[in-house]
Amino acid sequence: MHVPDGFFNAATSVGAGVVSAGTIAVSLKKAAAQLTERLVPLTGLVAAFIFVLQMLNFPVVNGTSGHLLGGALAAVLVGPWIGCVCIAVVLLVQGLLFADGGLTAYGLNVLLIAIIPTFVAWGVFKATRSFLPATRGSVVVSSSVGALVSVPVAAAAFAVLFAAGGSVDLSLGSVLAAMVGVHVLIGIGEAVITGAVVSAIVAARPDVVYGAQDLVPDPVLWTAESPETGEMAA
Amino acid sequence: MRRNLRLFLVAGLLVGLGLALFVSPFASDQPDGLERVAAEEGFGDAAENHDLADGRLADYGVDGVDDARVGTAMAGLIGMLVTFGAGLALFGLVRARRGRPRSPASPPASSPQAS
Numbered sequence: 001m002h003v004p005d006g007f008f009n010a011a012t013s014v015g016a017g018v019v020s021a022g023t024i025a026v027s028l029k030k031a032a033a034q035l036t037e038r039l040v041p042l043t044g045l046v047a048a049f050i051f052v053l054q055m056l057n058f059p060v061v062n063g064t065s066g067h068l069l070g071g072a073l074a075a076v077l078v079g080p081w082i083g084c085v086c087i088a089v090v091l092l093v094q095g096l097l098f099a100d101g102g103l104t105a106y107g108l109n110v111l112l113i114a115i116i117p118t119f120v121a122w123g124v125f126k127a128t129r130s131f132l133p134a135t136r137g138s139v140v141v142s143s144s145v146g147a148l149v150s151v152p153v154a155a156a157a158f159a160v161l162f163a164a165g166g167s168v169d170l171s172l173g174s175v176l177a178a179m180v181g182v183h184v185l186i187g188i189g190e191a192v193i194t195g196a197v198v199s200a201i202v203a204a205r206p207d208v209v210y211g212a213q214d215l216v217p218d219p220v221l222w223t224a225e226s227p228e229t230g231e232m233a234a
Numbered sequence: 001m002r003r004n005l006r007l008f009l010v011a012g013l014l015v016g017l018g019l020a021l022f023v024s025p026f027a028s029d030q031p032d033g034l035e036r037v038a039a040e041e042g043f044g045d046a047a048e049n050h051d052l053a054d055g056r057l058a059d060y061g062v063d064g065v066d067d068a069r070v071g072t073a074m075a076g077l078i079g080m081l082v083t084f085g086a087g088l089a090l091f092g093l094v095r096a097r098r099g100r101p102r103s104p105a106s107p108p109a110s111s112p113q114a115s
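Protein sequences, first through last, are from chains C and U.
Going by the working numbering, the letters in the first sequence line up with residues 1 to 234, in that order.
Going by the working numbering, the letters in the second sequence line up with residues 1 to 115, in that order.
If we strip away everything but chain C, and leave its shape as in the complex, we get:
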């Protein structure tokens, strides 16, 4: 779903860039409050892993493919604040090194791929978990539901933005229907992959998973409110 240069007029690209920059700035602030020394390599791993998963296009329907966006995975593994920054890093590498995602569309891509899916998935994850028992299985199911919802929502956001500031004048309805239609299917793939990865990690190391901290008897990794300052605090 990487937006190339030329799809949006300048005002929309700049507007999306401003919104994205503001959100990433807030996220970095929140990330700084959460990060401990030990978490830094984990954030790098999450970014790198999502880069690879985004390369794995899977076929969906008549000659169309899709790939993971990674918002749900990032949100559940490292929380939405650090998570959306991880994906913004992925998008930067893709744009600069692999000519994937237009450079003038970077703000749009951060909004549509890094920010919207991550926070939508996190909200859906939390809401779903609140209805389910406090088990690892619930974490997996809720991750998948978050993933499933996040992709068509991002696709719908694209359609709305395109109606507002796309370079071609098209009715919102037809673009919206087409985008959401195909991305519901891609969302199913996203749900399967996210569920598989979260399931493997939460089975082996629930203490690493941000979205499963309440299941860990003695969480240390994500108790960042009292960073290393407190480590020898009498």
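For the record, the hints were derived by calculation from the structure and aren't laboratory data.
For every residue, glycine included, the Cβ atom is placed at its ideal position computed from N, Cα and C.
Each hint should be verified, as a subset may be incorrect.
[Stated by the list, open to error] Cβ-Cβ distance ranges computed for the label pairs, FRET-style:
1. A200/C x L93/U: 46 to 52 Å
2. R98/U x G173/C: 44 to 50 Å
3. V23/U x K30/C: 29 to 35 Å
[Unchecked claim] Interface residues of chain C toward chain U, partial, derived using beta-carbon atoms under 7 Å:
4. G6
5. F7
6. S167
7. L176
[As the list claims (entries may be wrong)] Here chain C is said to cover these stretches of chain U; the calculated rule only asks that three of the stretch's residues, wherever they fall, bring their Cβ under 8 Å from a Cβ of chain C:
8. 20 to 31
9. 45 to 52
10. 71 to 79
11. 85 to 96
With chain C held as given, fit chain U onto it using these hints.
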């Protein structure tokens, strides 16, 4: 419960490298959802060439590597390592700028009761 994270990180990187090297060359190369919709709805032609389309790794290939699958695998490997490094650098910087609670020689102005 201070379990070792290193093992987890190494395992995660190995799985990622395996996917980059051995799975990404076989990923679908058909148009993705947005490309398909753009073509069908008639705005696909609005896409402009990428400014860095001549880059040595453009489109997940490697300049001079003729075998597309080998090129994709190499691009995946490079991209994964670069992304890992970029993530480490950025979050390391974010972490460092928060202040250095561990450093015993803290600036004179900081009072111990603060925060």
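Going down the list of hints, with the structure as the test:
Between A200/C and L93/U, the C-beta spacing of about 30 Å breaks the proposed range 46 to 52 Å. Range check, R98/U to G173/C: Cβ separation about 47 Å, and the 44 to 50 Å hint holds. A hinted range of 29 to 35 Å for the beta carbons of V23/U and K30/C is consistent with their spacing of about 33 Å. Hint status for G6/C: holds, given a least beta-carbon distance of 4 Å to chain U, under 7 Å.
Restraint check, F7/C versus chain U: the minimum CB separation of about 6 Å is within 7 Å; hint holds. Because the beta carbon of S167/C sits about 5 Å from the nearest beta carbon in chain U, less than 7 Å, this interface hint is met. Checking L176/C against chain U: minimum C-beta separation of about 10 Å lies over 7 Å; hint violated. Proximity of the segment 20 to 31 of chain U to chain C, defined as three or more residues with a beta carbon under 8 Å from a beta carbon of that chain, is established by the 8 residues found.
A count of 7 residues in the segment 45 to 52 of chain U with a Cβ less than 8 Å from any Cβ of chain C is obtained; the coverage claim is therefore met, three being the minimum. Counting residues of the segment 71 to 79 of chain U whose CB falls under 8 Å from any CB of chain C gives 5; the rule of at least 3 is met. For the segment 85 to 96 of chain U, the stated coverage by chain C holds: 9 residues have a C-beta nearer than 8 Å to a C-beta of that chain, and at least 3 were required.
In this structure, the hints that do not hold are numbers 1, 7, in rising order.
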